[in-house]
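Number of protein chains: 2
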Amino acid sequence: MDELSLAPDYGLSWLDASGPASDIVLSTRVRLARNLQGYPFPARARVHDRLEVLRRVEEGITRAASLAGGGVYVLKDLGPRTRRILLERRLVSRDLLGGIGNAPAPGAAVVLPGRDHLSVMVNEEDHLRLQALLSGLRLREAWRLVDAVDEELGGAFPLAYHPEFGFLTSCPTNVGTGLRASVLMHLAGLVLTKEIGRVLKGLTQVGLTFRGLYGEGSEVVGNFFQVSNQTTLGTSEEDLIEHMERVVDQVIQHERQARAVLLREAPAVTEDKIWRAYGLLAYARSLAFEEMINLLSAVRLGVSLKLLPRLRVYSLNKIMIYGQQAHLEQAAGRELLPPECDAHRASLVRKILASEGVPTSD
Amino acid sequence: MDELSLAPDYGLSWLDASGPASDIVLSTRVRLARNLQGYPFPARARVHDRLEVLRRVEEGITRAASLAGGGVYVLKDLGPRTRRILLERRLVSRDLLGGIGNAPAPGAAVVLPGRDHLSVMVNEEDHLRLQALLSGLRLREAWRLVDAVDEELGGAFPLAYHPEFGFLTSCPTNVGTGLRASVLMHLAGLVLTKEIGRVLKGLTQVGLTFRGLYGEGSEVVGNFFQVSNQTTLGTSEEDLIEHMERVVDQVIQHERQARAVLLREAPAVTEDKIWRAYGLLAYARSLAFEEMINLLSAVRLGVSLKLLPRLRVYSLNKIMIYGQQAHLEQAAGRELLPPECDAHRASLVRKILASEGVPTSD
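Chains as they are written, first to last, in the numbering used here: chain A, 4 to 365; chain B, 4 to 365.
Everything labelled a hint here was simulated from the structure, so no lab data went into it. Worth double-checking, as some hints may not be accurate.
Put simply, identical chains are the same to the list, so a pair is met inside one copy or across any two.
Computed cross-link-like contacts, SDA-like style, restricted to lysine to any residue with a CA-CA straight-line distance of at most 20 Å [to be verified]: (1) K321 <-> G139; (2) K309 <-> A357; (3) K354 <-> E274; (4) K309 <-> S364; (5) K354 <-> A271; (6) K309 <-> D365; (7) K321 <-> A357; (8) K79 <-> Q333; (9) K354 <-> D19; (10) K309 <-> A271; (11) K204 <-> R214; (12) K321 <-> V250; (13) K354 <-> S364; (14) K204 <-> I324; (15) K321 <-> E359.
Let the hints inform the model, and build the full structure from the sequences given.
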């Protein structure tokens, strides 16, 4: 992984599906938006300010035990493929990369400490975005992890804070706690039983929102929904987390009920859908990313329903991450044209399935 | 097979793919249209005439060595499922069955002799339709077989014949030799390379025509084309057969070239298509007939291209016949509603593939 070769598996510990309810909740993410006092927010900052912020963060993290053992990676010093790999692992945002085709802005950096579920973006929309990424539904634990980082960094330099509003951020929607918690949920049962619309509407009524696999503005593919809180103001972090936990628990119950309904009322159609997806994943010689995600969705449902007991969710998670373009190019050691990429993707899928004992076309 | 239990495999010897070029030419059929002198053609015949024709045929075949060892089956005495099985095996026509939902007309019968590649329809459009059905491209042999039956029956009763026009038939297009030869061809290569239009146009220019899997008026599915002669008049049987043989040979060459082009110029797309079809056939839990035929087409191409060396064409032919509704109902011992039928079809496909060593979802 180029410059990241010291930490080639960074950000991947959630793949092991070890967390609670990980057949439905792939991962939990909690991030805190923070800004250093006395510096303009990144969007208005001059190069000098941005570099100064970066310098102070570099200094600060050397004293933060929670971020020990890692490094600060300045994005423009990384190769384009490495940057895209960080994006595909959700360790950096598209914004931090400077958008498609652009170079990252001066001072844009990511801190990757020794513990692979933590990361800090520097000079994104805010000076600091502290993030924890864990397997399954672990909102409280993820929050405690970023809270510890926040405590330590707050000791290293004063943070922009207003006694009435709370933490100050670039975008007003983040003012207050600066906390955004999101869980990546697989809601295939609710989609197939056509209950999803009702459930999503319910989410928005209790202050939550949803997005596709790649966050804001991305489409929902493969029945994977990122559910997150919409407001960060006027409530404590604990209340936010507790509220969200309660709602997500309800969505999980709805999803489990929907899956039971599928098995009870449409077993033939459901099994057919799942086995067809399995057959295509195991035998296709070319897979576009979106098709792969859709097939994985059906197979994932099959594993959860115990129709495909041989497969582990871990392997399906692995396919989701390593089946992305930059990861495939990294494995190939070169850039891949779209048709090549689809062929490499299909080949990777067969390889991972074969390691699970699935017969494939190889 | 109800009343046909004495000959449950009747009409299936072509499945073994033993004939020449049987990877492209599934089967050869030759039929002769004949009428008994002194009786109105079936469309105009009264019940009495039709029964009289049947009686004379029954008498006549007892003296025909070529038809020895079988029986005469009056269609209205057979169960509806048995009649549909005969249709699915191409031993009788839809016309002879009286059309969908109707009972067969009086005197409508089929002679199934001891040799399973021969059959005679009685009181269809003509009094007699003698048919031979063989594996692969064997026009001459098929013609000789029906010619021998024709000779013997012509000795048993005088046939309607005009010294200038030849044999007289209900429909003017059959007058003369009364011979229709047809070969069932799998032209997937020409379809995929988009050369098929040119080839089919060429066929019509040399007096041949094409139809779908189920003859006149049926659509082409799965790239299976029935190629047959259009004219029966003004040329000898030998000339007709020889001409057709030459043209079909050319089509086979075109198809082989097209397959070579696919392997050379689009190997990835071709392999992907073939392996996906294989994966779906092996894992689907529900298959509509038309989808099955389309998937079989791709897999058949794969076997011919040696991409799926483990599979035999025999098994693919077997699936085509036994995957039809009446055959599935026969195996189930009861009528099947459409969704059940699709499930039974998928199950049969998996069973036959499993017998070839293919891993399936069972």
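Taking the hints in turn, this is what the structure says about them:
no., hint, in the structure
1, K321 <-> G139, "within (15 Å within a copy, 48 Å between copies)"
2, K309 <-> A357, "within (19 Å within a copy, 23 Å between copies)"
3, K354 <-> E274, "between (24 Å within a copy, 17 Å between copies)"
4, K309 <-> S364, "between (24 Å within a copy, 13 Å between copies)"
5, K354 <-> A271, "between (29 Å within a copy, 18 Å between copies)"
6, K309 <-> D365, "between (26 Å within a copy, 14 Å between copies)"
7, K321 <-> A357, "within (13 Å within a copy, 30 Å between copies)"
8, K79 <-> Q333, "within (18 Å within a copy, 70 Å between copies)"
9, K354 <-> D19, "within (18 Å within a copy, 36 Å between copies)"
10, K309 <-> A271, "within (15 Å within a copy, 34 Å between copies)"
11, K204 <-> R214, "within (13 Å within a copy, 53 Å between copies)"
12, K321 <-> V250, "neither (28 Å within a copy, 55 Å between copies)"
13, K354 <-> S364, "both (10 Å within a copy, 19 Å between copies)"
14, K204 <-> I324, "neither (29 Å within a copy, 50 Å between copies)"
15, K321 <-> E359, "within (12 Å within a copy, 33 Å between copies)"
Figure legend: structure checked against the earlier numbered hints; hints not met, in rising order: 12 and 14.
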